[in-house]
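**Q** Listed here are the chains, written in short residue letters.
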Amino acid sequence: MADPSALSPLAGRSPSSRADGAAGALPPGVGQGGVVMAERALVGKLVLRGDADDAGFRDAVRGALGFDLPLAANTASGAESTTALWLGPNEWLVATAPGAETAAAVSLKVALSGRHASVTDVSDSRTVIRLSGANARDVLAKGCPIDLHPRVFGPGRVAQSLVARAGVILHQVDESPTFDLYVVASFAGYLWDWLVDAAAEFGVAAGR
Amino acid sequence: MSEQSHRLDAAAAPGRIDRGHPLRFVFNGRGYEGFAGDTLASALIANGVHLVGRSFKYHRPRGIVGSGSEEPNALVQLRTGERTEPNVRATQAELFDGLIASSQNCWPSVGFDLGAINDMASRILPAGFYYKTFMWPPSAWMFYEGLIRRAAGLGRAPDDPDPDRYEKRFAHCDVLVVGAGPAGLAAALAAARAGARVVLCDEQAEMGGQLLAHPRGVGAVIDGRPALDWASAALGELASNKDVTLLPRTTCFGYYDHNALALAERVADHVAKPRQFQPRQRLWKLRARRVVLATGAIERPLVFRDNDRPGIMLAGSAAAYGMRYGAAVGRRVLVFTNNDSAYRAALALFDAGVGIAGIVDLRPAASGKPVEDARARGIEVLAGWALTATDGPSKVRAALAMQLDEAGAGVQGPIRRIECDAIAMSGGWNPAVHLYSQARGKLRYDGAQGIFLPGRTEQALAVAGSCNGAWSLGACLAEGAAAGAAAAEAAGFTAASAPAPAAAEENDSPARLLWVVPSDRPLGEGGKHFVDFQNDVTAADIGLAVREGYKSVEHLKRYTTSGMGTDQGKLGNVHALGILAEVTAAEPGAVGTTTFRPPYTPVGFGTLAGRDVGALADPVRTTAMHGWHVAAGAVFEDVGQWKRPHYYPRPGESLHDAVNREVKAARTGVGILDASTLGKIDIQGPDAAEFLNRIYTNAWTKLEIGRARYGFMCREDGMVFDDGVTTRLAAGHFHMTTTTGGAARVLSWLEEWAQTEWPELRVYMTSVTEQWAVAAIAGPHARALLAKVGTGIDLDAKAFPFMAMREGNVAGIPARVFRISFTGELSYEINVPARYGMALWQALMAAGAEFGITPYGTEAMHVLRAEKGFVIVGQDTDGTVTPIDLGMDWIVSKAKDFIGKRSLSRADTARGDRKQLVGLLTDDPRVVLPEGGQIVAELKPEPPMAMLGHVTSSYFSANLDRSIALALVRNGRQRIGAALHVPLADRNIRVKVVEPKFIDPEGRRQDG
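First to last, the sequence lines map onto chains A and B.
Residue 54 in the numbering used here sits at position 54 of the first sequence, with consecutive numbering throughout.
Residue 447 in the numbering used here sits at position 447 of the second sequence, with consecutive numbering throughout.
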């Protein structure tokens, strides 16, 4: 996506900046990086809805995406740069590489034609904040009521919850740990500022 | 004063302080020195300072009574300036270098306090004094309240913003252990060894509980080694376990349903200033699968005459000051007790080098090992005696003792005066059942011991140690280990069957229960028997309250204020109940207790607020074009959490100047509005049209593809719930819009009906509110502007009619263009993927320059729509208004069913004289009616007047050069043409009722 007119909700933010310039913004030099933060800008996102009990639906989706949809509640599956997050018994969020959403939507629609299913492009509805580093769980614990301890939550797990006062879809990507926070675009600035402030005591660095 | 005059010899009483690390501090303007490890209270005692405050009501001089969170008297104003904090218990304030504290509730000084005149006047300040005195005349209460507050204040809140950070966090564990005394340590060890995730919290700076300070603990032997060595090994093992979280300085203050608990951690209260980014305090919101309460016990005082002089304190606390802090509470300490534990305190103090003036024991036949040990040291024991009075103006200097009669109801024989400079008293120990009770655990009364013990609970918790009535060290360890292992097992782990840590069992002789210690004068004469030190409640007050009819424990508490205040009666509550029972000739168990409520100790507002302050107090939602609005100098309006431009003032313009300019531009040139916040829902499925048919009041099945329709949704009761324009994108695909505020509510509403009522309908909904950024352009030049930026759409009015949607590329950006209008002008709502919102807006602004394009905000939007009589759901409706009340019968289908239809035929909903939407024009076109103004037909000199309805929307319309208003008026449609009145406080405004359409009622302008 080299289109300069396309702006993600957090364009121009860094872990040392807060939009409001309020007290709590990090002074220069802080950033040894107990926490690493980055926006995964303009990741493609599709909401897929369909009947999980229908083998034909599942097969069609597998054909289009190349992997099985996650059927267990609050889990994820994926291949290469595409990930499907379980949101409900008949609802998934399919995340693709930036720009790949249109092709993915077309192949899903073609595969599902004639079935009762829906594919909706919501790429701009949310953005993704990637949070990693040794203290990532400590930062999330300040605002997320879900238990993220490795014994009960791990890679491939998904939760729809709150971080501070922003609703998020939380996806643990790996054991390091790395978390992707899918946040509604209009809340992204608030959540970013809140996370930077929450991470300040651990040191925070820019990720990618 | 000499340096640390009352510090004990290091060899005899080493304590847990660091004598190599002196700290300077200031109390009441005077400099002192203490040591690292001291509390403010222990450092004051080490300096011989006992007078720390004045009591709440009588302003009597008061000293330190306890040594922990139970302290009722030693409340100080800690620190100065922006960090100052009132009501800090000196017994919990850890000393740091440079600490500054002062007494509260005294003026001009703690030594000479004018308020003490209340003490001399105490015969006119009985229980219920405030209720009796300040009730009349009722109008004077505000005046009285000011006086009472000034007289009774317990310290000052800071005036400046708090400079420190406060944190909140969630936490989860298998086993939470509250209290790190011997029982808690044993429980945590057992649970952690089983593999459970354990949180162990303790309100003190150092874990170990009574092993640090209690005569039973210090010097005891556990598993064959000194108790403190055992504790230190236990803590080391716990600290090295990654699944164990140790939280010292952390008070578990609230126990809620389903094992949700709240903990306040004092992260940096013990230093002068927190490190950068370090919170001062942290609130833990914890969910535990099992809880072990090992909260210990709190010693209770004895209620004897003038038991409140500085220097009179709990025996266990006197021992704690000696053993834990190496500080002597006096040089000649008199011990007064009804049980064995005070003997151990006396022995410990004696062995640390403190002079003991004697032991006065209420029990005539005091015997057993502690008694023998005391006598062996040459300490005189007066068995069957009582203290009947004390003496000393600002600190106790002597006590009077007499022999008790057999029943304990009176005293007899000669009076003995015993010189002393401190009195260590013990009325036994109350299990600290506060959290247990908060958890809705039932208490049971143990009549032999005179204490309330945990009874039955429904929560997943266990109680261990002296909180459960286990008094010996061995029993505490055994109960703790068993409870910890059982908690881990209940949480799904397997605990190894290891023996509990072992310590010697020692059995005490029974205590003698005397709720009030008699003196040689009737109760209430010649001195006071204090029950509640903080609230100045005496035994006589309780008797008076009962005589006045306040016999219920709840009434007693409120009438006398016993058990209220910052300490919530931690010392005196059980005595108050005991006295109440005695006076009413009931069993204390039958009298019951008042309810224990959170918090266990006070929690600061900062801790509860955490970082939800300032810019992070609440989310601020912004659109893709927000940066442009900011740069353009927009004044913003909060619409829910959204920041929307309210208006765009030019230099020197007021709100009204700007709005007048903006509304004119939209009707004469072209205006542009950021409409991104409108709710948008993508609806797909073969039954989508039928679904909309049932949701909306009008018909949808015949809507052509590419065409849009306005619709109302009603609730089941027929009242308007939301409105918006919905467009058919394909046979089974619709794009719905909702109000900004209703977006989430409407989606839930649709899902509820689809999932629970009509599962047979094949339809899926997805929120796309934030997928699309929306620029609405309105005005005669709107079409020319679109043509100029380029769209790839045939913009001819016939090819792209009103209420249609076309897809194209607006300024090169893929877009859905809707020809719909909330202004009545020729108008297009251009939807583009939000990433392009800013680019679209900038392109329109650049191209619109030649047309004088004018950005307008929500205020102009409101005026423009009101000029057309378009309603705003939630402003012109309030949940009691049907579409028909709004004069929109045409939107309600007679042919099909929809949610709310049946309710519209209810007698009340169908009657013709309901409140109906009308327009109002003031006689004077300059006068703008206040929104909310009541409307009457018949003016009277003053209310009550029959109210017909109210003004819902009211503006000055620059386009009409006069004011306009919308209103809901009873039988309003029939009143069109009539005159009504809007009576205000200072004038009455005459209005004419008109059709609610002020501009272009034929709707010609929307075609341009």
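No lab work stands behind these hints, which were simulated from the structure alone.
The structure presented is a predicted model; accordingly, all values stated were derived computationally and were not measured.
Among these hints, one or two may not hold up.
Unchecked claim - Here are some chain A residues the structure puts well away from chain B; computed CB gaps all over 10 Å: (1) S5; (2) A97; (3) V106.
To be verified - Which residues of chain B face chain A? A partial, calculated answer using Cβ under 10 Å: (4) F170; (5) Q278; (6) E458; (7) G543; (8) V546; (9) A609; (10) G610; (11) P619; (12) A624; (13) A834.
To be verified - Below, a list of computed lysine to any residue pairs in the SDA-like style, where the Cα atoms sit at most 25 Å apart: (14) K109/A / A55/A; (15) K285/B / G154/A; (16) K109/A / E690/B; (17) K395/B / R521/B; (18) K285/B / R165/A; (19) K285/B / G12/A; (20) K997/B / E690/B; (21) K788/B / G12/A; (22) K285/B / N74/A.
Backbone N, C-alpha and C define an ideal beta-carbon position, used for all residues, glycine too.
**Q** Hint by hint, note whether the structure agrees.
**A** Going down the list of hints, with the structure as the test:
A beta-carbon of chain B is positioned within 10 Å of the beta-carbon of S5/A; the least distance is around 4 Å. Taking the minimum C-beta to C-beta distance to chain B, about 15 Å, the non-interface status of A97/A holds against the 10 Å cut. The Cβ of V106/A sits about 15 Å from the closest Cβ of chain B, beyond the 10 Å cut-off, so the non-interface label holds. With its C-beta approaching chain A no nearer than about 5 Å, F170/B sits inside the 10 Å limit, and its interface hint holds.
Taking 10 Å as the C-beta contact cut-off toward chain A, the hint placing Q278/B at the interface holds, the least distance being around 6 Å. The beta carbon of E458/B is not positioned within 10 Å of any beta carbon in chain A (closest approach about 23 Å), and the interface hint is therefore violated. The criterion of a C-beta within 10 Å of any C-beta in chain A is not met by G543/B, whose closest approach is roughly 50 Å, and the hint is violated. For V546/B, the shortest C-beta to C-beta distance to chain A is roughly 47 Å, which exceeds 10 Å, and the interface hint is violated.
At its closest, the beta carbon of A609/B sits 13 Å from a beta carbon of chain A; the interface hint therefore is violated under the 10 Å criterion. With a least beta-carbon distance of about 8 Å to chain A, the hint placing G610/B at the interface is held under the 10 Å criterion. Satisfaction of the interface hint for P619/B is found here, the shortest Cβ-Cβ separation to chain A being roughly 4 Å, below the 10 Å cut-off. A least Cβ separation of about 7 Å between A624/B and chain A falls short of the 10 Å threshold, and the interface hint therefore holds.
Interface restraint check: A834/B against chain A, minimum CB-CB distance 4 Å, threshold 10 Å, status holds. A distance of roughly 16 Å separates the Cα atoms of K109/A and A55/A; the hinted pair therefore holds under the 25 Å criterion. Pair hint K285/B plus G154/A holds up; C-alpha atoms about 22 Å apart against a cutoff of 25 Å. In summary, the hint linking K109/A to E690/B is supported, as the alpha carbons are separated by about 23 Å, within the 25 Å threshold.
A C-alpha spacing of about 23 Å is found between K395/B and R521/B, which places the hinted pair at or below 25 Å, so the restraint holds. Note on K285/B and R165/A: the hinted pairing holds, with a Cα-Cα distance of about 16 Å set against a maximum of 25 Å. Restraint check for K285/B and G12/A: the C-alpha separation of about 34 Å exceeds 25 Å, so the hint is violated. Straight-line distance between C-alpha atoms of K997/B and E690/B comes to about 33 Å, which puts the hinted pair past the 25 Å bound.
Under the criterion of a C-alpha separation no larger than 25 Å, the hint pairing K788/B with G12/A is inconsistent with the structure, at around 31 Å. The suggested pairing of K285/B with N74/A holds, with an alpha-carbon distance near 23 Å, which does not exceed 25 Å.
Checked against the numbered hints above, the structure breaks hints 1, 6, 7, 8, 9, 19, 20 and 21 and satisfies the rest.
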